[in-house]
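Take the sequences, apply the hints, and build the full model.
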Amino acid sequence: MTTSRGLIRFNETTSRLSGRPTDTLASPRKKHKSDVVARWGEALNRMLQADEDDNDGLPAMLSAHIEYGGGSNKGAGAPNGLPRHDKTQRGTVAPTGWEATIVEEKPWRAPSANFAYELPGELVLAKEKRANTDYWPAQLLEYVKPRNPKEKPKYRVGFYDGTTKVLEEGMFYATSDDGFRTCTLGRDRFNYELDDERDDPLAADTPSDEEEPVSRASSPIPSALPPPAFEFDLTLSEQFDYIKPVLAAVVEGAYEPAQELHDAFMRGEASRRKVTNTVSLRGSLRHHEVEELGRLVRRWARRQEKRKALPAAEVQLVARGPAIADGGSGVVQHESVSEAEEPPPSSFATTDAGEYVHLQGPSSPRLLDDGADLQRAIAAAALCELSDASARKLKPRPLVESKSNVPYGVAHNTEMNGSTIIGAESSVCSSKDRETAIHHPRTAYADLSDLDKLTYCTDVLLREAVLQLLLWRSRSRTVPELQAPEEERRLHNLALEQAEETYWVHDIIRMKRAAEGSMLPPSPGRKPAATSSSRSLRKGGTRSRPSLR
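Here the sequence shown stands for residues 10 to 558, where the numbers follow the numbering used here.
Just so you know, these hints were derived from the structure itself, not from any lab.
One thing to keep in mind: the hints can contain errors.
BS3-like, lysine-lysine: derived pairs with alpha carbons at most 25 angstroms apart [as the list claims (entries may be wrong)]:
1) Lys-138 with Lys-163
2) Lys-283 with Lys-462
3) Lys-174 with Lys-115
4) Lys-283 with Lys-317
5) Lys-163 with Lys-115
6) Lys-283 with Lys-315
7) Lys-115 with Lys-138
8) Lys-462 with Lys-315
9) Lys-159 with Lys-174
10) Lys-462 with Lys-317
Simulated restraints on C-beta separations [stated by the list, open to error]:
11) Pro-155 with Glu-496: 41 to 49 angstroms
12) Glu-490 with Arg-276: 24 to 32 angstroms
13) Arg-276 with Val-175: 54 to 62 angstroms
Predicted model, so just to flag it, every value in this text is computed and none were measured.
Ideal Cβ placement from N, Cα and C applies to all residues, glycine included.
Structure representation (structure tokens):
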């Protein structure tokens with residue numbers, strides 16, 4: 010009754026009568042044929058019931074069996090209470106009950122994305138609407154699966170101007186498609202910023218660096234996590250706040266990945282020229298973004314320098330006040346004048362004729378010119394002594410000291426009305442500071458000239474600002490504070506790799522021109538062929554990408 014595979018040998022596929030369904034007007038002969046089908050079904054049911062009885066009540070494999078229903082025996086003999094099937098108009102049996110459930114258990118599966126696309130980041134030329142003819146540089150961001158068999162597979166596409174749309178696969182061309190070469194490239198009124206890569210000496214619309222008052226409160230370090238779309242949700246000025254801690258460490262010479270570049274600039278003119286001649290990379294940053302970032306760096310550096318000068322002025326006021334009782338300061342005390350001593354002689358002397366003559370005496374320290382060197386000497390001496398862990402009393406020193414004892418950038422001792430201002434000498438500084446001064450140049454950012462400071466901002470600070478901004482935009486860096494030296498070196502090396510990448514929009518334009526053959530100059534005496542890019546100059550643009558006419 011069953012085959013070697015355990016299937017029912019007799020079923021509706023092996024025994025089927027062809028012909029039209031019977032009706033009440035059928036002839037007796039046709040009525041007799043239809044009775045044969047009913048009797049065959051009854052015999053099959055009895056055979057299955059007998060087989061079940063022989064197997065101790067266990068039914069045989071019925072996966073391939075479809076039962077039949079008869080007129081008088083409807084519902085009888087069905088195994089496990091399964092309903093019978095009704096006959097269709099052509100004599101076949103329609104699936105119902107458990108067989109229909111088997112058909113429904115095969116769910117529809119959405120097709121997968123095209124394996125040839127690199128998601129996200131596949132470079133394409135796409136159009137916004139089906140009726141449009143101009144294609145624009147874009148990237149495939151993600152695959153959108155269809156929700157039912159009637160829908161077509163779609164992709165989320167990000168255009169070069171920041172807009173995103175969900176498009177079908179036929180509305181864009183990848184670089185490997187034939188339509189990538191033949192499609193019409195839309196005309197951007199800024200020429201996709203390709204002209205910004207060349208220096209324009211006639212461009213005079215570049216805004217100058219804005220001066221901000223020193224009294225403005227410094228921007229706090231962002232405490233909250235940056236938004237996911239760091240580049241699109243924040244302005245460039247707000248993005249710059251996240252990289253200020255690293256720039257401050259670079260200026261102080263405390264950022265190890267940029268230490269070599271900082272020391273080379275501070276070492277002298279010869280090494281400074283090598284730093285200036287180093288090629289600067291900007292990765293995916295646009296030309297106007299680098300220019301604006303440079304203005305932010307220069308403005309921040311000037312403001313930082315002015316704020317650092319404020320404590321020095323306060324120290325100068327303290328040093329120019331009454332003599333400090335403790336000898337631990339950098340200003341030697343005035344000789345104490347007792348009340349019994351004779352007051353200082355008047356600067357006006359009388360002659361024999363009784364006339365008063367002004368005598369030129371020692372200048373008072375309050376009447377001296379407040380020079381920059383004097384302010385720096387006073388501030389350095391006071392701060393160096395106050396920061397000393399053990400406050401000690403200085404021994405009397407000669408008024409004229411050796412020039413070799415005064416470090417670079419600190420003024421020599423100045424004698425003013427019996428007071429001597431002691432510079433930050435090597436004996437005051439610790440041994441660790443002396444060892445650091447041997448390996449690193451003694452020149453600091455504050456010692457540079459105004460021109461060298463601008464050059465330092467461009468050649469050192471701006472380069473590091475570009476690298477740090479690339480890390481934030483790629484979400485490789487998540488905290489503005491400095492990390493461990495090993496982590497900072499890893500991030501810096503990663504930023505150098507990102508800086509070598511090019512702007513993806515320019516890559517699409519170059520590949521488009523290379524496919525058209527328009528990158529090579531035309532041969533002499535022959536007009537250049539009309540390519541799709543040249544034809545697109547006559548086309549119109551969109552609202553967000555207007556064209557030139």
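Hint check results:
no.	hint	verdict
1	Lys-138 with Lys-163	holds (14 angstroms)
2	Lys-283 with Lys-462	holds (16 angstroms)
3	Lys-174 with Lys-115	violated (33 angstroms)
4	Lys-283 with Lys-317	violated (29 angstroms)
5	Lys-163 with Lys-115	holds (24 angstroms)
6	Lys-283 with Lys-315	violated (29 angstroms)
7	Lys-115 with Lys-138	violated (36 angstroms)
8	Lys-462 with Lys-315	holds (13 angstroms)
9	Lys-159 with Lys-174	holds (20 angstroms)
10	Lys-462 with Lys-317	holds (15 angstroms)
11	Pro-155 with Glu-496: 41 to 49 angstroms	holds (44 angstroms)
12	Glu-490 with Arg-276: 24 to 32 angstroms	holds (29 angstroms)
13	Arg-276 with Val-175: 54 to 62 angstroms	holds (56 angstroms)
Violation of the numbered hints given earlier is confined to hints 3, 4, 6, 7; the remaining hints are satisfied by the structure.
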